[in-house]
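Chain S is fixed; fit chain X onto it per the hints.
Chains as they are written, first to last, in my numbering: chain S, 1220 to 1454; chain X, 2 to 255.
These are computed hints drawn from the structure, not numbers from a lab.
Take these hints with a grain of salt, some might be off.
Chain X is faced by these chain S residues, among others (derived, beta-carbon under 7 Å) [claimed, not checked]:
1) I1262
2) M1272
3) V1345
4) P1349
5) P1402
From the three backbone atoms N, C-alpha and C, an ideal C-beta is built for every residue, glycine too.
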Amino acid sequence: MNNTARAFPGAYARTRVATGLTALGLLVICLLIFGAQNRLTNIRSKHRAPPSMAFVPQSDKIKPYLLGFHTAYADYLWIRTTLYFGSEYLSGGQFKWLVHMVDLVTRLNPDFYPAYEFAGLMIPDVCNDPEAAKVILARGISSGVTNKWKLWFYLGMIYYRYDDDKKEAADCLERAVEQPGAPGFRLAGIAAAMFRKAGAPQEGREFLEFIYATSENPEVKRYVQGKLKAYELNE
Amino acid sequence: MSAVYEIGVNTFKETIRNNVLYIVLFFVVMLIMLSVFVADWSVFARIQVMEDFGLATMSIAGLLLAVFIGVGMLGREIGQKTVYHVVTKPVSRAQFVCGKYAGLLTTLLLTYLAMSAVFLCTLVYLGGTIRLSLLGAMLLIWTEMAVVISASIFFSTITTSMLGSFFSLGFYIAGHLNDLLSIKLVAAKGSLYPYLLKAIYYVLPNLEHFNVRDNIIYGIGLPATYYALAFGYGILYATLFLSLACLMFEKKDL
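If we strip away everything but chain X, and leave its shape as in the complex, we get:
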């Protein structure tokens, strides 16, 4: 466990110095500020637009950080051969992957907290209120971030950084479109087609479960069990991807 902690701390120190992090953070803060002006153009009330815009921006920022930082992390270690310094010590490859994930997740948690603080301050400044459901939505966005990062680490163990970035992006898009499959399933006909759709539906994570923006905006409350279940669902998926990443990295010829 101490090996995971040490690698995690090291990864945190490494990623916190990454300029991409600050560029993305800067743009997110700018976009949240900008949403104050955008809100006036919408058919919706200002607060509703602010909430939607802010949550959407934070979700996309998570994707960008996962793609730009998460995917390249393992590839860089292998490419620069710094991984040899670690794996030649009594540290298993699984511990290495888990440590990397933990470090990155901590960095992104700090970034996310900074984004959230700006978002909530802007919201309160404009007369909005901080509701429990809004905090729940923010927790789910962070859970989604954890899933996307675990997937991007998994992709980085099986392919190059460039392809890993594309796969992560595709994973995010497919995960959000997965919800449409449940609609398609109702009308699917044929002997094989419905089963194929069902298989895709269950194999791909449904990232729309982490998107409760519409419910927040319209004030259609979701039960607390939903938030707990969605959080658990995210943790399970992150564990699955991380386990697969560990297995792949164990077999990888360094």
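Bound-form chain S, shown alone:
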């Protein structure tokens, strides 16, 4: 107790009571907030609505009206796409708008690589629409994105897995190998195996021989040499 409190004990006691009541009041408010928050979350989880698609345009005809901010809008749309995907995935939804959204993102910003990767990996499977994925990947291949070899690779895998077209798949992988930054020797092995499965072992052999002749990397040469030997044994 300080000097002021000793001098005015009544006022001091009143202040202490007021402080105590304020603290108690704030505590009660916090507890009520805690309870309300939990209850609201519970009710909400039972009535969860999918994210709004109101800001998703019908087509890329909106581009001129975006006044040059179409890439920024594509970024926004991409965030909405991932949120939509997550929400549909968790609720076991049908991904009704997913193809449209990814298609729109790549139309508004053709250099946006993550959307192509998403199209190549997810759309054929979750939307059961490999044809749409092929169209989007083809757009990516003709755009200026880096890592184009991956897009060729995904395209090849779609031909292989969904169309059972091993020849087309091998051709795509062959194109993937030609792209800058591609892990050539690994892809070459897969492409050669596909050519063989497609009933075109000669093409596969020629492809491996081409890689062997043009590569300056001793590791690649060693790897491809091993594949060529395996080829000969199989023949």
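Same frame as chain S, but now just chain X:
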């Protein structure tokens, strides 16, 4: 109580003359009108877009008004030393803060009613219907506005107007992202991390509780108890922030 009323009336007269109010109101009305054209570009039906766009615009307008008018209000009183005229009279500082809040809230209520009238008229003009759930959503947006304003007044008692504006903006964003924490909590691992997330989740208000736009658009109804509870939740948070603002202002060296 009469002191709070007098300060409130005075604040109302002061804020109603603020040009920022009319600029924001003008842009909101323009945006709601513009949404008629935007609606045609969407994959959704026109009415759904109108509802979403209108409600979102009103929510953001609340934030702008709280930041531009709410934060600067106390700072201006202190900066221009007009606060001395009030606190030297038999008026407690808590009454002063509450009066300021009440005045501002009344101004924003009038502005909000004007925005709502334009929104509902546009909606009806386009063939939409005014449902109870839509009115509930509008009530919750106003509740959110009341929370944001109380937070901005609290920030203005502890810091400068400039920083208060940033804090209010951050508060709005964090409050809306808080909902994501509940998702993150499910997958959180470790001894301390889940508790930290939980603490943040409960300390920050979840402003997403006031956002029922998706339910309105898809026609997924929420029970009346939800609206009542969310309204109560907002009032509790506003009371908490206002109490803290009063406490801070009591200790403030003017």
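Cross-check of the supplied hints:
The criterion of a C-beta within 7 Å of any C-beta in chain X is met by S:I1262, whose closest approach is roughly 5 Å, and the hint holds. For S:M1272, the shortest C-beta to C-beta distance to chain X is roughly 5 Å, which falls under 7 Å, so the interface hint holds. A hinted interface residue such as S:V1345 counts as satisfied when its beta carbon comes closer than 7 Å to some beta carbon of chain X; here the least separation is about 19 Å, so the hint is violated. Taken as an interface hint, S:P1349 does not check out: its beta carbon lies about 23 Å from the nearest beta carbon of chain X, beyond 7 Å.
Interface restraint check: S:P1402 against chain X, minimum CB-CB distance 32 Å, threshold 7 Å, status violated.
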